[in-house]
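Asks: Each chain is listed here by its residues.
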Amino acid sequence: MGTISSDLLRQVTAELYERSLKKIPEDTKRALAQAKAVERNQTASQTLDIMIASARAAEEENHFVCSDSGVPVYFVKVGTKVNFDGPVKQAITDGFSDLVATIQPPMLAHVTNPLTLERGYAGKDMPITTFELIDDADYVEITCSPKALGSGRWAALEIFTFPSLEDIERYVMGVVLKAGPQHCPPVVIGVGIGGTFDYAAKLAKQAMLRQIGTSNPEPVLADMEERLRQAVNATGFGPMGTGGDSTAMAVHVDYASGHGFTPVAVCFNCWINRRRSARIHPDGRVDYFE
Amino acid sequence: MKRLQAPFDENAIRSLRAGDLVVVDGDVVITAGLPTHQRLMHCLESGEAPPVELRGQALFHLGGYSQGEGERFEMLYINPTTSTRFNPYMPTLIEGFGLRVVGGKGGLDEHSVEAMRKVGCVYLSFLGGGCTLLSRAIQRVVEVGWPEMVTHYRLSRINVNGLGPAVVAIDAQGNSLYAQNAQTAGSHSGEVLAGLHAQARQEKTQLS
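Just so you know, the sequences run in chain order A and B.
The opening position of the first sequence corresponds to residue 291 in our numbering, with each subsequent residue numbered one higher.
The opening position of the second sequence corresponds to residue 259 in our numbering, with each subsequent residue numbered one higher.
In short, the hints are calculated from the structure, not lab data.
Fair warning: this is a prediction, and the values are worked out from it, not measured in the lab.
We treat Cβ as the ideally placed atom computed from N, Cα and C, and that holds for glycine.
Each hint should be verified, as a subset may be incorrect.
Partial selection, computed: residues in chain A whose CB lies under 7 Å from chain B [as the list claims (entries may be wrong)]:
1. Phe-354
2. Arg-517
3. Ala-521
4. Glu-580
If we take Cβ atoms under 8 Å as the criterion, some of the chain B residues that face chain A in the derived model are [claimed, not checked]:
5. Arg-330
6. Thr-340
7. Val-377
8. Gly-388
9. Met-407
10. His-410
11. Gln-431
Calculated from the model, a selection of chain B residues having no Cβ within reach of chain A, i.e. all distances over 12 Å [said to hold, decoys possible]:
12. Ala-270
13. Gly-277
14. Tyr-323
15. Glu-329
16. Arg-343
17. Arg-375
18. Arg-394
19. Ala-440
20. Gly-444
21. Thr-463
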């Protein structure tokens, strides 16, 4: 059985965060270019050009795409064949502290105590980490998804009783209209249907992280994604909210069985679509992917 | 692309139209802090002078990383933050200080639009996620007000060259691109979604 070291986890935790802040994913670059190709609004078209230029500039200068580096959120999937040589949760906490201490340029303090509104770089339950198991795997997979205003503030959830697909989609559009252009569009939208209160939110967040351009294996959801994408883009909010055809680069939906009461969760990732993943193998190899 | 040069001329500002693309040159004041806005409200109420002169100036919702002390501050980077969370304060600040240019991302509500029309002020939409590009415009830090606050809350006056490009999203005639879009977004998207469902129902009937 392979052993994964705490030290390596700590390093990867920091590295993922830094990569997510400084380079937007390739699928997102392609989606912005596609949005630009079909955009009819001149201001929107110019804004998409500036977005593409901004992403390129950050990459070239090894700088932040956005100054709001957000709060650290990690999804960790652990293979059941994995052994660790030390603590795991502490390694992730230490990895984030290392990042804060060493990253250039330095990050702004965004970790906020909700009771006192004081801001710093650490706090209760930070980083926010969700663990899952992968049966029979001998590796660990970590996804970093920093959350700030555009990528976290406008999410919402409501619980319905035996909703129709139309009910669900109308609710999603209600959340979209309430968010308006506050989340720095064009965004990726994640929708989670079913399960329970907490599980629907997790489904939505994980759906949001899916690669743009991949199709949903569930035909009912693939159709729903296309309807919602068209409806969201018909709002006309456009890039940065100054009007246009591109408000969503993609809508990704996932579901879970549940009781007849059906939670529907909706979340957004701003246009820079921050996310980064890595698979850590027992021999110490690390494969980074977007 | 138009260039807005500080100090800002009221007529030049009033002649801008929603949708114009601009860059800004000269001294501008930036902050991303809610507590900063509350302190500025207190200044207006008590008659106390703010630490940085704001009359007729540009006040942008840009978060900046500044470091240093006394007269020697540097600004490592800047980037817009969400302006709508300052909606409760901005109409009073715009009128009270006679602000000539405001900006950030996400816009301001109808009360600010009215205040801007009154005093001759425009709102600039900067690119969220424009940190690297926008930071290239920073020339120097002129002064830092309330340096005891966390860096992005401070009221900092910086000198910029070619800050932008930014979109005039609310002009001084009362035109707001945000308000225009919000008015039609619900009906347009609702029609599209209802149409797609009607189409899906029709296809289902044809199949059966």
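Asks: Each hint should be assessed against the structure and marked as holding or not.
Replies: Hint check results:
Checking Phe-354 (chain A) against chain B by beta carbon gives a least distance of about 5 Å; that is within 7 Å, so the hint holds. A distance limit of 7 Å between C-beta atoms decides the matter here; for Arg-517 (chain A) the minimum to chain B is near 4 Å, and the interface restraint holds. Annotation: interface hint on Ala-521 (chain A) holds; nearest CB of chain B at approximately 4 Å, less than 7 Å. Proximity of Glu-580 (chain A) to chain B is violated relative to the hint, the smallest CB-CB distance being about 16 Å (cut-off 7 Å).
Because the closest C-beta pair between Arg-330 (chain B) and chain A is about 17 Å apart, greater than 8 Å, the hint is violated. At about 5 Å, the closest approach between the beta carbon of Thr-340 (chain B) and any beta carbon in chain A falls short of 8 Å, and the interface hint on this residue holds. Evaluation of the Val-377 (chain B) hint against chain A yields a violated restraint, the C-beta minimum of about 22 Å exceeding 8 Å. Hint on Gly-388 (chain B) holds. Least Cβ distance to chain A is approximately 5 Å, under the 8 Å limit.
For Met-407 (chain B), the interface hint is violated, since its Cβ never comes within 8 Å of a Cβ in chain A; the closest pair sits about 10 Å apart. Interface hint at His-410 (chain B): satisfied, since its Cβ lies 5 Å from the closest Cβ of chain A, which is below the 8 Å cut-off. For Gln-431 (chain B), the interface hint is violated, since its Cβ never comes within 8 Å of a Cβ in chain A; the closest pair sits about 16 Å apart. For Ala-270 (chain B), the shortest C-beta to C-beta distance to chain A comes to about 20 Å, beyond the 12 Å cut-off, and the non-interface label holds.
Its beta-carbon lying about 5 Å from the closest one in chain A, Gly-277 (chain B) breaks the requirement of being farther than 12 Å from that chain. With a closest Cβ-Cβ approach of about 6 Å to chain A, Tyr-323 (chain B) is found to fall inside the 12 Å limit, against its non-interface label. Residue placement check: Glu-329 (chain B) keeps its beta carbon more than 12 Å from all beta carbons of chain A (closest about 21 Å). Distance check on Arg-343 (chain B): its Cβ comes as close as 8 Å (rounded) to a Cβ of chain A, failing to clear the 12 Å threshold; non-interface status is violated.
Look at Arg-375 (chain B): its CB is around 19 Å from the nearest CB on chain A, clear of 12 Å, so calling it non-interface holds up. Residue placement check: Arg-394 (chain B) does not keep its beta carbon more than 12 Å from all beta carbons of chain A (closest about 8 Å). The Cβ of Ala-440 (chain B) sits about 6 Å from the closest Cβ of chain A, inside the 12 Å cut-off, so the non-interface label is violated. Annotated as non-interface, Gly-444 (chain B) brings its C-beta within 12 Å of a C-beta of chain A; the closest such distance is 5 Å.
No beta-carbon of chain A is positioned within 12 Å of the beta-carbon of Thr-463 (chain B); the least distance is around 16 Å.
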